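Number of protein chains: 2
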Amino acid sequence: MTQTLFGIEKLNHKYFLFIVMQNNKDSTDDETYRVRKLEITDKKKGFMELLQQLTICDPVTDDEFQNRFKELESYGDDHVICVIENATSSKIIATGSVFIEKKFIRSCGKVGHIEDIVVDSSARGLQLGKKVVNFLADHARSTGCYKVILDCSADNKAFYEKCGFKEKEIQMVKYFV
Amino acid sequence: MTQTLFGIEKLNHKYFLFIVMQNNKDSTDDETYRVRKLEITDKKKGFMELLQQLTICDPVTDDEFQNRFKELESYGDDHVICVIENATSSKIIATGSVFIEKKFIRSCGKVGHIEDIVVDSSARGLQLGKKVVNFLADHARSTGCYKVILDCSADNKAFYEKCGFKEKEIQMVKYFV
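From first to last, the protein sequence lines stand for chains A and B. So the first sequence is numbered by this note's numbering: it starts at 7 and just counts up by one. So the second sequence is numbered by this note's numbering: it starts at 7 and just counts up by one.
If a hint is listed, it holds; no wrong ones were tucked in.
Since the list gives no way to pick out one identical chain from another, each pair is judged satisfied if it fits inside one copy or across any two copies.
Quick list of in silico lysine-lysine cross-link-like pairs, BS3-like style, CA-CA up to 27 Å:
#, residue 1, residue 2
1, Lys116, Lys50
2, Lys51, Lys109
3, Lys43, Lys97
4, Lys97, Lys109
5, Lys116, Lys97
6, Lys51, Lys116
7, Lys108, Lys51
8, Lys50, Lys108
9, Lys97, Lys108
10, Lys43, Lys109
Simulated from the structure, these hints should not be mistaken for lab results. Bear in mind the structure is a predicted one, so any value in this text is a computation, not a measurement.
Put together the whole structure using the sequences plus the hints.
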């Protein structure tokens with residue numbers, strides 16, 4: 007939203023008319039699309055359905071969800087899942103996670119691992135992915151990590167470059183099921 | 007070690023001379039190069055010096071090492087560092103780590119992340135890297151992970167393919183220091 011303000015100010019015995027055009031778009035977006043930590047009630051707000059847009063994500067029972075939530079909560083700052091809730095629809099429309107790996111290298115350094123970034127298909131183009139990634143990277147930095155890493159498809163490389171990441175290695179995988 | 011055995015056996019009223027050449031190399035190697043979990047005394051056995059062959063790894067004090075060791079130990083099976091000790095020299099000559107990430111996707115599934123694989127430069131060609139990777143992948147499987155992943159340079163791709171891994175995505179990184 008753009009606000010236009012008019013006023014008159016006296017300076018050196020002269021009167022000046024001033025006009026200020028204030029763009030409130032960012033602050034409005036910040037309120038509508040605030041990033042916060044996952045809450046146990048987010049299952050009812052479509053959190054699992056959002057994850058289904060990312061990969062295989064079969065429904066889980068409330069008990070299974072709560073057990074996993076409490077397990078992750080017990081790690082405190084070492085494993086954070088964040089979400090963006092649409093304030094109007096009360097639906098979760100973006101999420102991502104980061105966990106902090108503790109190493110012996112780099113003077114007992116720490117590395118943040120970002121995982122499971124997804125933005126609802128109806129909410130693309132609002133920079134929500136970038137908000138989520140920045141939130142997680144800031145969290146990793148604030149906990150003392152010397153770097154944050156993630157794995158992505160070649161298609162998503164340009165997006166992560168806009169978030170300040172650079173391509174480094176290749177990811178290898180071994181499936182058990 | 008190769009053992010040669012001679013013997014005589016009676017079969018259908020005839021005597022047969024038999025010669026058996028038995029190759030004990032594998033079992034001897036298994037004893038000499040056993041994979042085990044990191045112990046707090048491994049700092050004195052060159053564990054940190056081995057990590058220096060991997061990346062930047064400044065020396066840490068005994069207190070720093072013990073604190074990090076105890077921190078990781080508190081995760082139990084969710085973060086395992088393994089080593090191979092040379093039984094003759096009592097030096098740590100290979101290591102690697104795996105930590106178990108707990109997710110909501112894949113029916114609250116789990117993923118093993120393999121990190122910091124290194125084999126002492128004097129012990130290459132003994133398949134110790136493969137032993138370490140297999141140990142860590144087996145651990146991930148035994149804790150219920152549906153997959154295990156790792157990041158590596160293009161140069162190491164062929165090695166991990168021999169360990170049963172396939173290339174999947176690209177790794178992106180953002181450094182803070």
